[in-house]
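If you're matching them up, the sequences are chains A and B in order.
Heads up: the first sequence begins at 12 in the numbering used here, then just goes up one per residue.
Heads up: the second sequence begins at 258 in the numbering used here, then just goes up one per residue.
FYI, nobody ran anything at the bench for these hints, they're computed from the structure.
Fair warning: this is a prediction, and the values are worked out from it, not measured in the lab.
Take the hints with a grain of salt, since some may be wrong.
Unchecked claim - No more than 25 Å apart at the CA atoms, straight line, and that leaves these computed lysine to any residue pairs for SDA-like:
hint	chain 1	residue 1	chain 2	residue 2
1	B	K544	A	Q165
2	A	K40	B	E470
3	B	K544	A	E104
4	A	K40	B	G525
5	A	K40	B	V275
6	A	K40	B	G444
7	A	K40	B	R546
8	B	K544	A	P105
9	A	K40	B	S321
10	A	K40	B	P479
11	A	K40	A	L133
12	A	K40	B	V441
13	A	K40	B	D305
14	B	K544	A	R101
Said to hold, decoys possible - Which residues of chain B face chain A? A partial, calculated answer using Cβ under 10 Å:
hint	residue
15	V275
16	V540
17	T542
18	A543
19	R549
20	F562
21	I566
22	V570
Ideal placement from N, C-alpha and C gives every residue a C-beta, glycine not left out.
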Amino acid sequence: MSRSAYADLLNLLAGIALVAAVLTLWRRKLIAIVRLLAVQGAAVAAVGILIGIDNDSATEIVLASGALVLKAVVIPLVLLRVVRRGSETRETEPLVNVSASLVAAALLITIAFATTRAVVSLSDSPEAGVIPIGFAIVLVGFFALATRRKAPAQLVGFLLFENGVALVAVLAAAGVSSVVELGVSLDVLLAVLVLQVLTARMQDQFDSLDLDHLQELRD
Amino acid sequence: MNTTRALVPILQLLLVFVGGPLIVGVIRKVRARLEGRVGAPIHQPLRDLRKLFAKERIAPEHASWVFVIAPAVLMTSAAVTAVLVPMVSTVSPFAQVSDLVTITALLLLGTVALALGALDPGTAFGGMGASREMTIAALTEPTLLLSVAAISILTGTTNLPGAINEIIDRPGSVSSIGYVLALVALGIATLAESTRLPVDNPNTHLELTMVHEAMVLEYAGPDLALVETGSSMRLVIFLGLLANLLVPWGIATGSGVAELAVGTLTFGLKIGVLAVALSVFEVFTAKVRLFRVPELLALSLVLSFLGVITSVVHP
């Protein structure tokens with residue numbers, strides 16, 4: 012693979028991941044949000060595979076493929092079950108309305124690009140050039156986590172955040188570090204499973220997935 | 258050589274003037290067919306225009322000169338843009354002044370003129386339509402400008418023929434996610450500016466939803482014909498701009514007769530394909546609620562903004 016094709020592909024995949032993150036702020040249907048998360052997970056994992064191919068490392072490719080299955084199939088399926096079980100299908104009223112969220116996302120992405128300039132200038136490798144996008148995904152994910160009300164939407168925000176971290180890690184280390192990737196992936200899967208149980212309990216208790224219900228103490 | 262060069266603007270003007278209503282006809286026909294109707298013939302919009310131009314001019318009682326000149330301004334701005342935007346060939350006597358920012362401004366001029374014309378007679382519908390149109394325009398114009406900025410950064414020029422030549426010569430310069438984002442944003446802005454679904458339904462006269470139709474409600478006869486022609490010309494200009502930025506190949510880079518013929522044919526083909534794609538898209542799309550239109554446009558604004566940012570850091 013030629014260097015410029017490699018750099019273009021890297022940019023394209025990271026770009027897809029970032030656009031998917033922005034789109035999750037725009038869509039209201041919870042199912043659509045989960046699907047976007049799957050697309051993003053696939054793009055982030057594909058970056059790992061791409062770097063693995065570039066490094067000619069079979070271990071990295073296998074690990075990144077494992078991450079692909081986890082991020083693009085397993086976690087979204089678990090989340091889809093949460094959404095289908097729940098009584099609500101839409102994120103009707105986020106704390107910050109959709110237009111303002113999008114503008115905030117633009118702002119956060121600018122901040123990400125501005126603050127990572129020093130990191131980018133450390134090296135002129137194509138991987139370094141994409142790090143700001145990973146950082147931007149982290150911030151957008153964090154924003155989604157902070158401003159959405161429904162449990163599945165917040166979960167997606169958390170996973171966007173995690174995908175961003177994974178992307179930055181893969182790019183900064185120029186390859187998947189096996190121990191770390193395995194550990195983090197399993198942690199995330201565990202967290203999602205625990206939160207699935209939690210949301211199921213919430214649904215039973217309150218008949219709703221709105222996390223604001225958790226503000227009051229009850230016996 | 259020089260005479261055919263001078264022919265380019267005239268050719269483009271004619272193409273847009275006659276092609277506009279025809280494209281509207283094609284879109285309606287494809288839509289009708291997909292919905293299981295026979296539909297009016299493709300040249301029906303041209304017939305409608307002939308009928309409208311033959312009618313007597315009539316203006317509302319309290320309308321001032323603003324109402325009268327608005328259609329002319331819309332039409333003229335569309336005509337000037339049609340001359341400036343490279344559609345058939347990148348060589349033209351006006352290539353020097355064919356600037357992306359100028360074109361955006363000219364297109365906005367038409368939008369504002371029509372909104373003022375709609376406000377002038379003081380009817381409820383006109384005012385409502387104008388206010389909606391301005392809400393939409395206030396969000397689409399920054400989108401257009403930002404996408405244009407992204408394209409200019411990548412190609413190194415705000416001159417449109419120059420940018421298209423650059424893309425043809427070095428496709429590598431725009432093979433970036435920034436360019437894709439800018440084009441997607443430009444596409445959404447195009448739908449909004451040319452008043453198509455999902456922002457505005459061109460076929461409706463339901464007061465809850467109409468935007469463009471509410472604005473032109475007071476116009477009749479030749480004035481309405483001017484407005485309709487101007488709008489269809491704008492549609493072709495937007496589609497042409499999008500088509501030539503998306504796939505510039507096929508546009509004439511010289512001004513020989515044969516080159517111009519090929520350029521005209523490929524341009525017709527590109528516009529035709531885009532128009533059919535647009536109508537298929539419209540069949541499967543519902544109009545977005547008016548209150549959600551700003552969300553859609555905010556998305557296009559953010560996408561164009563991302564386009565600019567990623568273009569700036571693109572090596």
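Here's how the hints hold up against the structure:
no. : hint              : result
1   : K544(B) - Q165(A) : violated, 29 Å
2   : K40(A) - E470(B)  : violated, 31 Å
3   : K544(B) - E104(A) : holds, 21 Å
4   : K40(A) - G525(B)  : violated, 39 Å
5   : K40(A) - V275(B)  : violated, 43 Å
6   : K40(A) - G444(B)  : holds, 23 Å
7   : K40(A) - R546(B)  : holds, 15 Å
8   : K544(B) - P105(A) : holds, 23 Å
9   : K40(A) - S321(B)  : violated, 48 Å
10  : K40(A) - P479(B)  : violated, 46 Å
11  : K40(A) - L133(A)  : violated, 41 Å
12  : K40(A) - V441(B)  : holds, 22 Å
13  : K40(A) - D305(B)  : violated, 42 Å
14  : K544(B) - R101(A) : holds, 19 Å
15  : V275              : violated, 39 Å
16  : V540              : violated, 21 Å
17  : T542              : violated, 15 Å
18  : A543              : violated, 14 Å
19  : R549              : holds, 8 Å
20  : F562              : holds, 5 Å
21  : I566              : holds, 6 Å
22  : V570              : holds, 7 Å
Taken one by one, the earlier hints fail for this structure at numbers 1, 2, 4, 5, 9, 10, 11, 13, 15, 16, 17, 18, listed in ascending order.
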